[in-house]
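Please build the complex by placing chain L on the supplied structure of chain H, with the hints as guidance.
2 protein chains.
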Amino acid sequence: MKDLTIGIDIGGTNTKYGIVDREGNVLHQGNIPTTDHEEFQSYFNAMAEALQAGINELPDDTRIMGIGVGAANGNYYTGNIERATNLKWKGVLPLARMFKDQFHVPCILTNDANAAAVGEMIYGNAKNMKDFVVITLGTGLGSGFVCNGFLLNGHHGIAGEVGHTSVNPNGRYCNCGKRGCLETYVSATGVKRTVYKLLADHLEPSELRGISFEDLNTKMISEAAHRGDVVANEAFEYTGRILGMKLAETVVHTDPEAIFLFGGLAMAGDLIFRPTIKHMEANLMPLFRGKIKVLPSAMQNQAAPILGASSLVWDYPDKLQLKLNWLNEF
Amino acid sequence: MKDLTIGIDIGGTNTKYGIVDREGNVLHQGNIPTTDHEEFQSYFNAMAEALQAGINELPDDTRIMGIGVGAANGNYYTGNIERATNLKWKGVLPLARMFKDQFHVPCILTNDANAAAVGEMIYGNAKNMKDFVVITLGTGLGSGFVCNGFLLNGHHGIAGEVGHTSVNPNGRYCNCGKRGCLETYVSATGVKRTVYKLLADHLEPSELRGISFEDLNTKMISEAAHRGDVVANEAFEYTGRILGMKLAETVVHTDPEAIFLFGGLAMAGDLIFRPTIKHMEANLMPLFRGKIKVLPSAMQNQAAPILGASSLVWDYPDKLQLKLNWLNEF
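Just so you know, the sequences run in chain order H and L.
Just add 1391 to wherever you are in the first sequence, counting from 1, and you've got the numbering used here.
Just add 1391 to wherever you are in the second sequence, counting from 1, and you've got the numbering used here.
These are calculated hints, taken from the structure and not from any lab test.
One or more hints might be untrue.
Copies of one chain are not kept apart here, so a pair can be met inside one copy or by any two copies together.
What the hints assert, rightly or not - Simulated crosslink set (DSS-like; lysine-lysine; CA at most 25 Å straight-line):
1) K1393 to K1491
2) K1479 to K1521
3) K1682 to K1569
4) K1682 to K1481
5) K1491 to K1569
6) K1669 to K1491
7) K1682 to K1518
Because the structure is a prediction, the values reported are computed rather than measured.
Chain H with its partners taken away, still in its complex shape (with noise of 0.2 Å):
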C-alpha cells in the first residue's frame, strides 16, 4: 500500500491541489478558479468534487493519508481561514473541518510561508535541519520558522510575520496599515518600488525608464542588472542591504542553521544572495558571525506551494519520532 497526501494551495486567484508521494512525486494535479464562486460552501464542493475525481484515478494499492492547505491567515491551530484579505468569503472559514468531515482523514491549515518551511524540511534542502528559518519573496515577504524540528506557530497562530518589522517608522506605506515595514523593500514588488525611486532619485541612464511599473518584474529588474544596468544593480544592492541587516536581528532571536530564500526574488541569485549575506555579516553580533548559513530554497518550482501544503501531513506522523529523538539527545 502506498501512502499519499493532498496538498492544496489556496491564492486569491487561483487554488491548485496535488496528490504527492512521501518523495515529492506529483501523481496528479489541477487547479480551480479561487473566484469564481459567491458562497464558499460551493468553491469548497466545486474542489471537493475536482479531489475527488483525482482519487478515483488512483492505483487500487494507494491510500489518501491526509490534506494539507496553505492559505494566507490559515490558522494551524483551529483550521480556520480568519479573515483573509485576498478572499471574497468574509470572516471565519472553518476549512480543515470541512474537508475531514468530507474525506474522512486529517486536514492539517495553515499559512502558505509556514507550509513552505515544513515543505523545505520534508521535500527539500532542510531535510535533517531542525532550526531553520524560510522566507519566500512574492508579493509579499513571508518567513516559516522551525525550531527544535517544530513549525514554529506561535500562542495566537501567526508567528513568523517578519514582513512586517520595521527598517524605517516614515516609510513606504504598507498593506497591513503601517510604514516602513520589510515587505515593503524585501518582496517583488518591494524591488520594484526600489528602481521607482532609484530611477527618481538619479540621472544615470536605464533600460528600466521605458518599462512602466505595472509592465516591471524582478526577471526584467535582473537581466537588466546582468547586462550592466546601472539602476537595476543598485537595485539588487539596496534590497539585499535591507535584507541582510533584517536578518541579522532574525538571526539572534532564534538562531538558526541557515535561512532559505524562496520565490522569484531569489532566482535573481548572486544579485541578491551576495549584498544579503554581505551585509548580514556585518550586521551580526560578532557571536554569530560565520555561523549561520543563507540558501536557496530547493522548492523553485511550479508544484512548490502543492508540496509545501502537502508537507504538512507527512509531518504529522513524523512529530512523534522527531519528539523522541529529540528526547533521546540527554
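For chain L alone, coordinates are given in the frame of chain H:
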C-alpha cells in the same frame, strides 16, 4: 521521598547555589566567590564541597534529582561554558560533565536569561504558558524564549540575544563590538546612559545632576521620577519607547502569549511598563494589536537566579509529558 534539585547561578563575582523543592522553596543556600580561584578545577572543587555540605544536611527522606546551572555563555547542548567574557578561565569549560561525574545526577546548563525563562514557567507567572518571552534587564538585556512549551536554544545553543538587535547602527557603543544595540539603551546601564544624554542635551534642573555615573542607579532614577524630576521621567519614557518599538519586532517573530520583564528596571513599574506597552502597540502589525500581554516577572527576589537554574531540572522530566499533551491536541 521528597524530590529536590540544585540550582547554581555563576556570576562574574559570586556563585550562588541553593537546594530547592518543586514549589520553589529554598531549603538550603549559600554562595562562594567566583574570582578566588586561578584554576577552574580548584573553583569546581570548592563548589562541589559546598554543595556536598548542603546535601549532607538534608533530611533522610529527600533525594537530589539533578543540577541546573545558569551562566553567561552556558551552552545547553554541550553543557560547556564557552569563552565567557565575565570569567577569568579561558576556553571551553565542561561544567555539566564535571557535575554529572561528581554527583551522578543529570546536570543541565544554559545561559542566565534562558534559566530565567524556564524559572518563570516552572515557578512564576508563565505556568501553563507554552509561548512566551522573558526579558531580563540587568547590566545588559538578556532574553529567553519558550516556544511550543520548549526552551528555544537554537542551532548553536545561542538563541535569544535580543539585546543585540539594532536600535541605531551609528548609536551607542556596545560590549559586543557593535554600535546601537538594544541593550545599550534598555538595561540598568542603558537608562543611566540615557539620563546622562538628557542631562547633556537639556537645560532643565534635575536632582540627578549631582550624581556621578558610577554612583547612579535605576532606583535613584525611579525615585527622582516619582518626585517629578523631568529628566528622570523623560529617561523612562525614552527607554520604554525604544523597548516597545523593539518588542513589536520580537512579537511578529514568535507570536508570544506574554512578554515578562525581569530585573531592577522592571521594578520601576508603571514608569517603564506604560511607555513600553504604548509604543509596542503603536508599532505592532495591526493583526497582533491588543493580543500580547506585557507583564512583570513573578521572580523578583534574591533567590530568582537559583530558582531559575534549579527549574532546568524540573523542566527536564516534564518535557515528555508536555510533548505527549501537545501531540494529543490533534
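Now for the hints, and whether the structure bears them out:
When the C-alpha separation of K1393 and K1491 is checked against a cutoff of 25 Å, the pair qualifies only within one copy, where the shortest distance is 21 Å, while the shortest distance between copies is 47 Å. Neither within a single protomer nor between protomers do K1479 and K1521 lie at most 25 Å apart by alpha-carbon distance, with minima of 37 Å and 34 Å respectively. Taking CA atoms no more than 25 Å apart as the test, K1682 paired with K1569 passes between copies only; the shortest distance there is 17 Å, against 33 Å inside one copy. In the homo-oligomer, the alpha carbons of K1682 and K1481 lie at most 25 Å apart only across protomers (21 Å), although the nearest pairing inside one protomer, at 44 Å, exceeds that limit.
For the homomeric pair K1491 and K1569, neither the shortest alpha-carbon distance inside one copy (37 Å) nor that between copies (52 Å) is at most 25 Å. In this assembly of identical chains, K1669 and K1491 lie within 25 Å of each other by CA distance neither inside one copy nor across copies; the values are 47 Å within and 42 Å between. Taking identical chains as interchangeable, the C-alpha atoms of K1682 and K1518 lie at most 25 Å apart only when both belong to the same chain, with a minimum of 18 Å there against 34 Å between chains.
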